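Trainee: Chains as they are written, first to last, in our numbering: chain A, 146 to 459; chain B, 2 to 517.
The hints are simulated quantities; they were obtained by calculation from the structure and are not laboratory data. Hints may contain errors.
Each computed DSS-like pair below joins lysine-lysine, with the alpha-carbon atoms no more than 27 Å apart [what the hints assert, rightly or not]:
no., chain 1, residue 1, chain 2, residue 2
1, A, K152, A, K342
2, B, K517, A, K304
3, B, K495, A, K304
4, B, K386, B, K338
5, B, K348, A, K304
6, A, K304, B, K193
7, A, K304, B, K496
8, B, K193, A, K232
9, B, K229, B, K246
10, B, K495, B, K473
11, B, K496, B, K246
12, B, K294, B, K316
13, A, K342, A, K449
14, B, K392, A, K304
15, B, K229, B, K392
16, A, K342, A, K377
17, B, K392, B, K348
This structure is a prediction, so every number in the text was calculated from the model and none was measured.
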Amino acid sequence: MKYILKKTGFLVITLLVISFITFLAFNIIPGDAALSKLGTEATVDQVNMLREELGLNAPFFSRYLSWLGGFIGGDFGISFSYMIPVKELISGKFMITITMTIMAFVFIILFSIPIAVFTAYKENKIVDRVITFLNQLFMSIPGFFLGILITFIFGLTFKIFMPGAYISMQENIGQYFYYLLFPSVAMAIPKTAMGVKILRSSLIEEKKKRYVRAARSRGNSNLRIYGVYMLKNAVIPVLTFWAMTIADLIANSVIIERVFSIPGIGTLLVSSIANRDFAVVQAIIIIIAVIIIVMNYLVDLLYKIIDPRIDLKN
Amino acid sequence: MKKLNIKKLLVLLLATVVVIALNGCSGDKQTSEVEDSSSSSQNLNEPQMGGSIVVGIPQDIEDSLDPHVAVAAGTSEILFNVYEGLVKPDKDGNLIDAVASEHEIKDAGKKYIFTLREGIKFHDGSLVTVDDIIYSIKNLADVGKMTSVFSNVEKVEAIDDKTVEITLKEADTEFLAFLTSAIVPKDTDVAKNPIGTGPYKYISRNPGENIIMEKFVDYWGDEAYLDKITYKIITDGNVIVTNLKSGSIDLFQRLTTSQSSQVEDICDIYEGTMNLVQALYLNNKVKPFDDVKVRQALCYAVNPQEIMDFISDGKGVEIGSSMFPTFGKYYVPELTKTYDVNIEKAKSLLVEAGYPDGFEFTITVPSNYQPHVDTAQVLVEQFAKIGVTAKIQTVEWASWLSDVYMARDYDSTVIGVDASSLTGRALLERFLSTAGNNFINYNNSTYDEVYSKIRKTSDENEQVELYKELQKILSEDAANVYIQDMANMVALNKKYGGYEFYPLYVLDMSKIYLKK
Numbered sequence: 146m147k148y149i150l151k152k153t154g155f156l157v158i159t160l161l162v163i164s165f166i167t168f169l170a171f172n173i174i175p176g177d178a179a180l181s182k183l184g185t186e187a188t189v190d191q192v193n194m195l196r197e198e199l200g201l202n203a204p205f206f207s208r209y210l211s212w213l214g215g216f217i218g219g220d221f222g223i224s225f226s227y228m229i230p231v232k233e234l235i236s237g238k239f240m241i242t243i244t245m246t247i248m249a250f251v252f253i254i255l256f257s258i259p260i261a262v263f264t265a266y267k268e269n270k271i272v273d274r275v276i277t278f279l280n281q282l283f284m285s286i287p288g289f290f291l292g293i294l295i296t297f298i299f300g301l302t303f304k305i306f307m308p309g310a311y312i313s314m315q316e317n318i319g320q321y322f323y324y325l326l327f328p329s330v331a332m333a334i335p336k337t338a339m340g341v342k343i344l345r346s347s348l349i350e351e352k353k354k355r356y357v358r359a360a361r362s363r364g365n366s367n368l369r370i371y372g373v374y375m376l377k378n379a380v381i382p383v384l385t386f387w388a389m390t391i392a393d394l395i396a397n398s399v400i401i402e403r404v405f406s407i408p409g410i411g412t413l414l415v416s417s418i419a420n421r422d423f424a425v426v427q428a429i430i431i432i433i434a435v436i437i438i439v440m441n442y443l444v445d446l447l448y449k450i451i452d453p454r455i456d457l458k459n
Numbered sequence: 002m003k004k005l006n007i008k009k010l011l012v013l014l015l016a017t018v019v020v021i022a023l024n025g026c027s028g029d030k031q032t033s034e035v036e037d038s039s040s041s042s043q044n045l046n047e048p049q050m051g052g053s054i055v056v057g058i059p060q061d062i063e064d065s066l067d068p069h070v071a072v073a074a075g076t077s078e079i080l081f082n083v084y085e086g087l088v089k090p091d092k093d094g095n096l097i098d099a100v101a102s103e104h105e106i107k108d109a110g111k112k113y114i115f116t117l118r119e120g121i122k123f124h125d126g127s128l129v130t131v132d133d134i135i136y137s138i139k140n141l142a143d144v145g146k147m148t149s150v151f152s153n154v155e156k157v158e159a160i161d162d163k164t165v166e167i168t169l170k171e172a173d174t175e176f177l178a179f180l181t182s183a184i185v186p187k188d189t190d191v192a193k194n195p196i197g198t199g200p201y202k203y204i205s206r207n208p209g210e211n212i213i214m215e216k217f218v219d220y221w222g223d224e225a226y227l228d229k230i231t232y233k234i235i236t237d238g239n240v241i242v243t244n245l246k247s248g249s250i251d252l253f254q255r256l257t258t259s260q261s262s263q264v265e266d267i268c269d270i271y272e273g274t275m276n277l278v279q280a281l282y283l284n285n286k287v288k289p290f291d292d293v294k295v296r297q298a299l300c301y302a303v304n305p306q307e308i309m310d311f312i313s314d315g316k317g318v319e320i321g322s323s324m325f326p327t328f329g330k331y332y333v334p335e336l337t338k339t340y341d342v343n344i345e346k347a348k349s350l351l352v353e354a355g356y357p358d359g360f361e362f363t364i365t366v367p368s369n370y371q372p373h374v375d376t377a378q379v380l381v382e383q384f385a386k387i388g389v390t391a392k393i394q395t396v397e398w399a400s401w402l403s404d405v406y407m408a409r410d411y412d413s414t415v416i417g418v419d420a421s422s423l424t425g426r427a428l429l430e431r432f433l434s435t436a437g438n439n440f441i442n443y444n445n446s447t448y449d450e451v452y453s454k455i456r457k458t459s460d461e462n463e464q465v466e467l468y469k470e471l472q473k474i475l476s477e478d479a480a481n482v483y484i485q486d487m488a489n490m491v492a493l494n495k496k497y498g499g500y501e502f503y504p505l506y507v508l509d510m511s512k513i514y515l516k517k
């Protein structure tokens with residue numbers, strides 16, 4: 146119980162600091178929402194009038210505290226660019242980014258575990274060397290470049306999907322998932338490769354341990370030895386990597402969104418920063434921060450479940 | 002348990018790849034077969050009614066759907082299809098009657114009388130009334146970017162239930178051009194519920210994704226061809242090309258020549274101009290630009306054609322002052338000759354001004370407009386020839402707006418200025434020493450004097466001559482280093498036709514059709 150309280154307290158403090166720094170940044174950089182909205186039609190009078198309207202003339206701390214008060218109460222504020230509540234604006238977009246993240250993650254797990262197990266089993270044989278080489282290759286290609294390659298090869302040349310033809314879930318759910326497959330795979334491949342590398346070396350370490358020989362002498366099949374006993378011990382280092390991967394996929398989705406013309410949360414974040422749409426930026430940053438921190442906590446808990454000997458307090 | 006058979010796995014993998022490849026290739030053959038059969042019967046490229054189109058746009062509507070409040074050029078371009086004013090522009094820059102079926106100008110531009118078009122409806126089916134017109138005109142004096150123009154309205158009243166009379170405080174023969182401003186339903190929040198009289202009605206939008214419009218069947222004028230328009234937001238330059246190639250977007254404007262050349266097999270490329278005055282705008286209040294000789298020296302050093310050759314395969318139109326050719330009657334073509342490249346003259350002017358060894362200055366450019374960034378780079382090279390060192394500073398758009406445009410804290414900047422209305426003053430009013438948007442700090446009493454004469458005369462020909470004189474002053478006084486009206490490459494998928502260029506930031510979707 147104390148453990149949960151401590152972790153929650155830490156989460157809250159982190160979020161407060163993040164939100165304050167974001168707010169500070171918005172006030173230091175040139176330009177504001179009123180100026181962005183008025184553009185080249187802006188005159189000093191018009192800008193001041195709009196600033197009054199949007200509440201941008203109030204003092205620094207009063208603006209921060211009123212935002213904070215609203216946020217804690219569940220009111221994320223209004224988007225200056227779109228004049229609709231921030232919650233409404235971002236919920237749909239988070240869905241899209243989370244869908245891609247989940248799809249990518251499923252791909253990662255589905256492929257990295259069997260490939261890692263297989264190559265650890267066939268250590269140093271030719272097939273292992275080939276796969277490890279390919280692995281290294283895929284690890285070094287950035288996800289967005291793979292996205293461009295996939296767009297060119299499967300989109301423009303083989304035409305199995307139409308680049309740019311993103312369609313929303315409400316309009317056509319089948320097409321929605323089909324289209325999101327491609328960016329998800331593009332993002333997943335480099336992470337799969339990295340995961341394979343980590344898991345493979347972890348498994349190879351385990352191979353040397355005595356319990357493996359003992360299990361084999363008791364007549365256990367290789368599949369059981371690798372898939373159950375060794376995996377359980379080897380998976381710990383790669384769990385952290387996978388947790389970071391989820392966070393990374395969400396936080397860096399803007400690049401893959403750009404390549405595939407997907408209106409996700411990354412694109413919204415970037416355009417809101419350009420428009421100085423403060424409430425939207427804050428909400429997105431906080432939510433991403435929460436996801437990252439919570440993911441890390443879950444991983445800690447998972448460690449404990451997998452290996453009860455691990456002492457979380459350390 | 003059997004060991005995994007690698008050989009079998011590899012064969013399976015190979016087979017899968019081959020199957021996908023064959024599928025992809027045969028898919029290709031299918032589409033080309035269909036195209037061949039349709040092109041043999043398609044010898045007239047005639048328009049057909051119906052169909053839909055996806056228009057790519059580089060930026061979402063982030064100001065407002067209310068036409069009185071919207072300021073961004075991109076927004077107005079889209080709203081042009083939804084709203085109309087008492088008059089509206091045609092592609093040649095003439096004002097034709099729209100919500101009004103006829104108009105009359107009396108008292109040398111002091112009284113404007115409009116007859117409401119019979120039976121004209123709003124998108125919700127209700128008839129337009131004189132009350133809607135009065136409400137709209139009054140609203141334009143209260144909100145938005147036209148308030149200074151419409152504050153000149155002394156009164157607007159209904160003479161009867163079909164006629165509205167607008168009386169101005171001061172006569173203004175150019176006022177009609179401002180009546181392209183939208184007529185909206187009385188007391189309706191059109192920002193949330195956009196209702197106009199145009200050929201298309203607003204259906205929905207998904208922020209950051211798209212905006213959807215549908216044909217308005219009860220439109221008073223010529224029915225539009227296409228049933229549905231989807232505006233899709235694509236921000237990345239390379240992705241625009243990919244999407245045009247894949248067919249997920251059908252139309253994109255303002256492409257660079259390198260982008261348009263990549264889609265020539267799938268799209269017809271229309272070439273026009275952007276309707277912008279691109280120049281190296283000089284902060285006339287900052288040394289050394291407060292000295293006309295220095296400004297002129299820079300003009301003698303710059304070769305606009307060389308810039309166009311570098312950045313747009315030579316396409317674009319050179320300009321010599323704050324006016325571009327599509328403004329027809331106001332344009333003075335000779336002004337491009339004021340400063341033919343003359344390195345020696347430039348250097349001697351610098352010596353006369355007291356800078357025999359040249360000087361250093363900064364060119365601030367907004368990073369989101371690649372053509373301006375590219376132009377700045379060519380300028381740096383051209384200025385180096387006369388011993389002047391220019392440094393480029395790229396800034397974010399919001400920073401450009403706040404530091405350069407509002408605070409006027411800069412040396413020089415490369416930007417394109419557009420005309421918000423079809424009037425002479427649209428591009429020239431901002432150089433009055435008292436103008437609120439005089440971001441170059443231009444201060445020339447002769448200019449102010451000539452400008453005041455325009456407001457005093459009601460003779461249109463005299464006005465045109467005076468506007469021409471203003472352009473001459475800007476050119477000879479080297480207010481800025483004028484460069485070009487940039488080339489506007491428009492890609493429209495070959496399935497469609499009907500694209501027309503307007504002298505303003507307008508995309509008339511009602512003229513675009515699917516070919517038979």
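Trainee: Now tell me, hint by hint, if it's right for this structure.
Mentor: Each hint tested on the structure:
1. Proximity of A:K152 to A:K342 is assessed by CA-CA distance (about 31 Å); at most 27 Å being required, the pair is judged violated.
2. A C-alpha spacing of about 25 Å is found between B:K517 and A:K304, which places the hinted pair at or below 27 Å, so the restraint holds.
3. Pair hint B:K495 plus A:K304 holds up; C-alpha atoms about 19 Å apart against a cutoff of 27 Å.
4. For the given pair, B:K386 sits about 20 Å from B:K338 by alpha-carbon distance, which is consistent with the 27 Å threshold.
5. The suggested pairing of B:K348 with A:K304 is violated, with an alpha-carbon distance near 59 Å, which exceeds 27 Å.
6. With a C-alpha separation of about 39 Å, the suggested pairing of A:K304 with B:K193 is violated against the 27 Å cut-off.
7. With a C-alpha separation of about 19 Å, the suggested pairing of A:K304 with B:K496 holds against the 27 Å cut-off.
8. Note on B:K193 and A:K232: the hinted pairing holds, with a Cα-Cα distance of about 17 Å set against a maximum of 27 Å.
9. Note on B:K229 and B:K246: the hinted pairing holds, with a Cα-Cα distance of about 21 Å set against a maximum of 27 Å.
10. In summary, the hint linking B:K495 to B:K473 is not supported, as the alpha carbons are separated by about 43 Å, beyond the 27 Å threshold.
11. A threshold of 27 Å between alpha carbons decides the hint, and for B:K496 with B:K246 the separation of about 13 Å falls inside it, so the pair holds.
12. Of the pairs offered as hints, the one joining B:K294 and B:K316 is violated, with about 30 Å between alpha carbons and a cut-off of 27 Å exceeded.
13. Distance check on the hinted pair: A:K342 and A:K449 sit about 24 Å apart at the alpha-carbon level, within 27 Å; holds.
14. For the hint linking B:K392 to A:K304, the alpha-carbon distance of about 46 Å lies beyond 27 Å, and the restraint is violated.
15. Taken as a hint, the B:K229 and B:K392 pair is broken in the structure, with Cα atoms around 48 Å apart against an allowance of 27 Å.
16. Of the supplied pair hints, the one linking A:K342 and A:K377 holds, its CA atoms being roughly 17 Å apart against a limit of 27 Å.
17. Using a Cα cut-off of 27 Å, the hinted pair B:K392 and B:K348 holds, with the two alpha carbons roughly 19 Å apart.
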